[in-house]
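Student: Below are the chains, spelled out letter by letter.
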Amino acid sequence: MSAHTAAGIPLTRRQRRLTRSAWRQPLAVIGLSIASVWLAIAALAPLIAPTDPILQESGRFLAPSAEHLMGTDGLGRDVLSRVLYGARISIPLAFMLVGLSVTVGATLGAAAGYVGGWLDEAVMRVVDLVFAFPPIILAMAVVAALGPDLRNAVLAIVVVSWPSYARVTRSLVLSLRSSEYVAASRLLGVSSARALVREVLPNVAGPVLVLATLELGNAVLLLSGLSFLGLGAVPPSPEWGAMVSEGARTFNFWWIGAFPGLAILTVVLAFNFLGDSLRDALDPQTSRAVRERAL
Amino acid sequence: MSLLEIDGLAIALPTRTGVRRLVDGVDLRVEAGEVVGLAGESGSGKTLTALSVLGLLPHGAQTGGQIRFDGRDVLALRRRELRRLRGADVAIVFQDPTTALHPMIDIGTQLTEHLRVHRGVSRKAARARAVELLGLVRLPDSAQALDAFAHHFSGGMKQRIAIAIALACEPRLLIADEPTTALDVTVQAGILQLLDRLRRETGMGVVLITHDLAVMNVTADRLYVMYAGRIVEEGATRGVLDSPRHPYTRALLDALPEGDRHGRPLLPIPGEPATPEARPAGCPFHPRCVHARPECSSRVPELVTLAGGRAAACPVDPLRGDGWSVELARHRGG
Amino acid sequence: MLSRFVARRFAAAVALAFGVVLVAFLLTNLVPGDPAAANLGQRAIEDPDAVAAFRRQYGLDQPLPVQFGRYLTNLLTGDLGRSQQTNRPVRTDLAEFGPASAELALTATAISLVLGIGLGTLAAVRRDGPIDQALRVVSLGGVSVPLFWLALIALYLLSFRLSLFPGAGRLGPGAPRPPSVTGMYTVDAALAGDWATFRSALGHVLLPAMVLAAYTIGLLTRFTRSSVLEVLGNDYVRAAHAKGLPVRLVVRRHVMRAALVPIITVVGTAFASLLAGTVLVEQIFSWPGIGSYAYRSATTLDLPAIMGVSLFVALVYIFVNFVVDVLYGVIDPRIRAS
Numbered sequence: 001m002s003a004h005t006a007a008g009i010p011l012t013r014r015q016r017r018l019t020r021s022a023w024r025q026p027l028a029v030i031g032l033s034i035a036s037v038w039l040a041i042a043a044l045a046p047l048i049a050p051t052d053p054i055l056q057e058s059g060r061f062l063a064p065s066a067e068h069l070m071g072t073d074g075l076g077r078d079v080l081s082r083v084l085y086g087a088r089i090s091i092p093l094a095f096m097l098v099g100l101s102v103t104v105g106a107t108l109g110a111a112a113g114y115v116g117g118w119l120d121e122a123v124m125r126v127v128d129l130v131f132a133f134p135p136i137i138l139a140m141a142v143v144a145a146l147g148p149d150l151r152n153a154v155l156a157i158v159v160v161s162w163p164s165y166a167r168v169t170r171s172l173v174l175s176l177r178s179s180e181y182v183a184a185s186r187l188l189g190v191s192s193a194r195a196l197v198r199e200v201l202p203n204v205a206g207p208v209l210v211l212a213t214l215e216l217g218n219a220v221l222l223l224s225g226l227s228f229l230g231l232g233a234v235p236p237s238p239e240w241g242a243m244v245s246e247g248a249r250t251f252n253f254w255w256i257g258a259f260p261g262l263a264i265l266t267v268v269l270a271f272n273f274l275g276d277s278l279r280d281a282l283d284p285q286t287s288r289a290v291r292e293r294a295l
Numbered sequence: 001m002s003l004l005e006i007d008g009l010a011i012a013l014p015t016r017t018g019v020r021r022l023v024d025g026v027d028l029r030v031e032a033g034e035v036v037g038l039a040g041e042s043g044s045g046k047t048l049t050a051l052s053v054l055g056l057l058p059h060g061a062q063t064g065g066q067i068r069f070d071g072r073d074v075l076a077l078r079r080r081e082l083r084r085l086r087g088a089d090v091a092i093v094f095q096d097p098t099t100a101l102h103p104m105i106d107i108g109t110q111l112t113e114h115l116r117v118h119r120g121v122s123r124k125a126a127r128a129r130a131v132e133l134l135g136l137v138r139l140p141d142s143a144q145a146l147d148a149f150a151h152h153f154s155g156g157m158k159q160r161i162a163i164a165i166a167l168a169c170e171p172r173l174l175i176a177d178e179p180t181t182a183l184d185v186t187v188q189a190g191i192l193q194l195l196d197r198l199r200r201e202t203g204m205g206v207v208l209i210t211h212d213l214a215v216m217n218v219t220a221d222r223l224y225v226m227y228a229g230r231i232v233e234e235g236a237t238r239g240v241l242d243s244p245r246h247p248y249t250r251a252l253l254d255a256l257p258e259g260d261r262h263g264r265p266l267l268p269i270p271g272e273p274a275t276p277e278a279r280p281a282g283c284p285f286h287p288r289c290v291h292a293r294p295e296c297s298s299r300v301p302e303l304v305t306l307a308g309g310r311a312a313a314c315p316v317d318p319l320r321g322d323g324w325s326v327e328l329a330r331h332r333g334g
Numbered sequence: 001m002l003s004r005f006v007a008r009r010f011a012a013a014v015a016l017a018f019g020v021v022l023v024a025f026l027l028t029n030l031v032p033g034d035p036a037a038a039n040l041g042q043r044a045i046e047d048p049d050a051v052a053a054f055r056r057q058y059g060l061d062q063p064l065p066v067q068f069g070r071y072l073t074n075l076l077t078g079d080l081g082r083s084q085q086t087n088r089p090v091r092t093d094l095a096e097f098g099p100a101s102a103e104l105a106l107t108a109t110a111i112s113l114v115l116g117i118g119l120g121t122l123a124a125v126r127r128d129g130p131i132d133q134a135l136r137v138v139s140l141g142g143v144s145v146p147l148f149w150l151a152l153i154a155l156y157l158l159s160f161r162l163s164l165f166p167g168a169g170r171l172g173p174g175a176p177r178p179p180s181v182t183g184m185y186t187v188d189a190a191l192a193g194d195w196a197t198f199r200s201a202l203g204h205v206l207l208p209a210m211v212l213a214a215y216t217i218g219l220l221t222r223f224t225r226s227s228v229l230e231v232l233g234n235d236y237v238r239a240a241h242a243k244g245l246p247v248r249l250v251v252r253r254h255v256m257r258a259a260l261v262p263i264i265t266v267v268g269t270a271f272a273s274l275l276a277g278t279v280l281v282e283q284i285f286s287w288p289g290i291g292s293y294a295y296r297s298a299t300t301l302d303l304p305a306i307m308g309v310s311l312f313v314a315l316v317y318i319f320v321n322f323v324v325d326v327l328y329g330v331i332d333p334r335i336r337a338s
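Residue numbers (my numbering), protein chains in the order written: chain U, 1 to 295; chain V, 1 to 334; chain Z, 1 to 338.
Everything labelled a hint here was simulated from the structure, so no lab data went into it.
Note that the structure is predicted; figures quoted are calculated from it, not measured.
Please note: incorrect hints may appear among the correct ones.
A short, non-exhaustive set of chain V residues, derived as facing chain Z with CB atoms under 7 Å [unchecked claim]:
| # | residue |
| --- | --- |
| 1 | R86 |
| 2 | G87 |
| 3 | I92 |
| 4 | M104 |
| 5 | G108 |
| 6 | H114 |
| 7 | V117 |
| 8 | G120 |
| 9 | F149 |
Simulated DEER-style distance windows between Cβ atoms [claimed, not checked]:
| # | chain 1 | residue 1 | chain 2 | residue 2 | range |
| --- | --- | --- | --- | --- | --- |
| 10 | U | D52 | Z | R161 | 28 to 34 Å |
| 11 | U | G147 | Z | G69 | 23 to 29 Å |
| 12 | Z | P179 | V | A128 | 54 to 60 Å |
| 13 | Z | F319 | V | A278 | 55 to 61 Å |
Where is the CB? At the ideal position from N, CA and C, for every residue including glycine.
Please build the complete structure, drawing on both the sequences and the hints.
Tutor: In structure tokens:
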């Protein structure tokens, strides 16, 4: 087996070590499997769902049965179908959320670290400000101010999430800016910006990737949380958080809230398993190599 | 009976590539009042040997042989007896005082907590003893220092504190693992002088571990040279350093930039130190040895006792004086 | 030196509080549409004088910085506006509902600390063993579970179905409200010596507190584990063992003191997330705290109430972090110097 990625790019030594130890962990495998299943569901929901998620044809509040594996809700809609379709909302949105947050955050953070001075101060003050609010509270306030719909919820969560990436990127850029590699490159005539990019990108990718994977789970939690509060998806959208909210109001019919919540749990768990395994693999401290110190 | 007798010590540790022998049959002796040097590169097993005297080996270590302190085998001691030994009869000073001192506990406590545990000393008496100890290591402002923290002191002062901690219970044996390596050259001399004075005043035995032969020259009475987990040469320091009998010792000396070189060229030792994973067959040094003969790759040379309390593990006699470097020049083609 | 450290931290906290207030103000002004129209409804279209009067009354005709100044002064006198749903000053609502949430959050904090730090230390000491692996899954589960769903499931299963815990609300039917000292029924009942009420109040707070604590327990377990592990790998721990100190002393004095420092910083964040979590949990347990108040405000888009709660929680958070920062400096002398 050659040490090349599928695209034929030779793996650097660090990446190789990552692939070896990450996959050795059962949690990573479990997480990846569950996440893949949900991704498939999100893609294939129209094909595999028994009925239309907004169709109100059956009896209301029917308990789980062979015909309705997860029962029906207060409007006679099949819960299973709604749960499956819910994946098409939560999962793509989560990815989009994280993508946006990473872009905004990493850019601002890198800029702050590289340029320094007033830009650094400004960005860091804003970061501190955002961190001064507990995430769900700030997101709640932003959505309430802008108007409760899914788009604003997404925007609010991006507002709440980008600072984490900014901080990580900034500190990495700062430490690398004064690194010997950049100094040596500068001596050799390479512009410091180019040297920085070549040095920064591989070093930043790792921690940012870990953070992003973990934040995927948080994004799903925040999104469903906001919908639970009525500040996100609006009916009849089969968003999981909104469904749990309905389930809370009709307490006796436990299936209405239980299954969507279970969906949230498994998705977030999968992302967290993955992210945690990635973090373990990339963190030099927990790797076995540390135990073999030069004696 | 010697103060410390290490007899056929072997230490194996689980590594990524399997269980490896990091120390492979070491015999070592320390008498009361003498300074014994243990020299070698990193990876030679010298620190492990030192740690094993206190039973401070890492998780999963397997040991063989005996370590007799005052006649009792340390390796066979139960945990409670081992704990009583540590810090009280045998003390150790680590290489880097910055990491060996706790950053959040005041110096006074660090100086005497083991004293109070081992000897049941009262808090007031402990404080007095702490001031005394700081005086012993010539640290100024003793009273104020007690309430200070490690980061208030310079590297050299921190190492003095570490030595003071080691001396608190008046140990019979002090192990100093690279005590000056992390310090400036200018500070080194002071620490070495301190160690020398202390052992003369207290009569304790000292094991001085370092890779720096110049330090050995100044401080150690007798010297052991380790390579790849084994002792390859031993004897009185003067004798070993003036006329080394093992090619490795010879090579170490020739690689020293300072000292009396008699016009000999500065020669780095070719190759890399043997790692536990990749130990050569036969004599572990032979791939890097200029005197290597065919049989060196198949036979592991025994440590042979020579005249004058010396021993060396090499059948080849490198004692050719200046002719040796001529031989080397010929090897390298002129 | 410590007092200077505290002063610096305090100044930073005040600056942050100011920034937070500014954010809240900007958000309230972000509301699309004209607040006059929103408040006056139909009249806004018909009666321009009423609109003008409204704008004058609330200072909406002034430039933004002036409005902010007014907002700030209002805030400093404790005026957070008027809730639309209760038609009372938000301040009054917060004062009424605050103690209930405090009781819940404090209980949850206690549970999180005990379980989180305890389990984390256990995982570190038994590193890579089966206990460690199991705890890793448990803690990952804790940070993955949606709190509002867990509340629902817990209430349904443990209370409704299995009757292991009492139902929703703060007190059982037979227990009278204790005389109000702190507003926290458990504390008040204990102070009054009314042990029947105390038991009832305690039983009622336990389940929501445990649900609320799920996330922070997961967080603290993981964090404590890595913190303790890092400390265990340090030379000074080995040096402590080399001195022949008993293991318990090494753990207590050498390990935990160093390990607790980063843990304390997480505790601050944990408390904030607990407080925030009440928004998701209280409504389901019919717990009359600011969490369910915020929930109702959110569902009815009661903007003053939402802003008031957000601001309040953020300020509490800043305060808690300030306390944590000071504690940090007390424990780790190196921090004071920097």
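Student: State for each hint whether it applies.
Tutor: Structure-based check of all given hints:
no.: 1; hint: R86; in the structure: holds, 4 Å
no.: 2; hint: G87; in the structure: holds, 4 Å
no.: 3; hint: I92; in the structure: holds, 5 Å
no.: 4; hint: M104; in the structure: holds, 5 Å
no.: 5; hint: G108; in the structure: violated, 13 Å
no.: 6; hint: H114; in the structure: holds, 4 Å
no.: 7; hint: V117; in the structure: holds, 6 Å
no.: 8; hint: G120; in the structure: violated, 13 Å
no.: 9; hint: F149; in the structure: holds, 5 Å
no.: 10; hint: U:D52 / Z:R161: 28 to 34 Å; in the structure: holds, 32 Å
no.: 11; hint: U:G147 / Z:G69: 23 to 29 Å; in the structure: holds, 27 Å
no.: 12; hint: Z:P179 / V:A128: 54 to 60 Å; in the structure: holds, 56 Å
no.: 13; hint: Z:F319 / V:A278: 55 to 61 Å; in the structure: holds, 59 Å
Figure legend: structure checked against the earlier numbered hints; hints not met, in rising order: 5 and 8.
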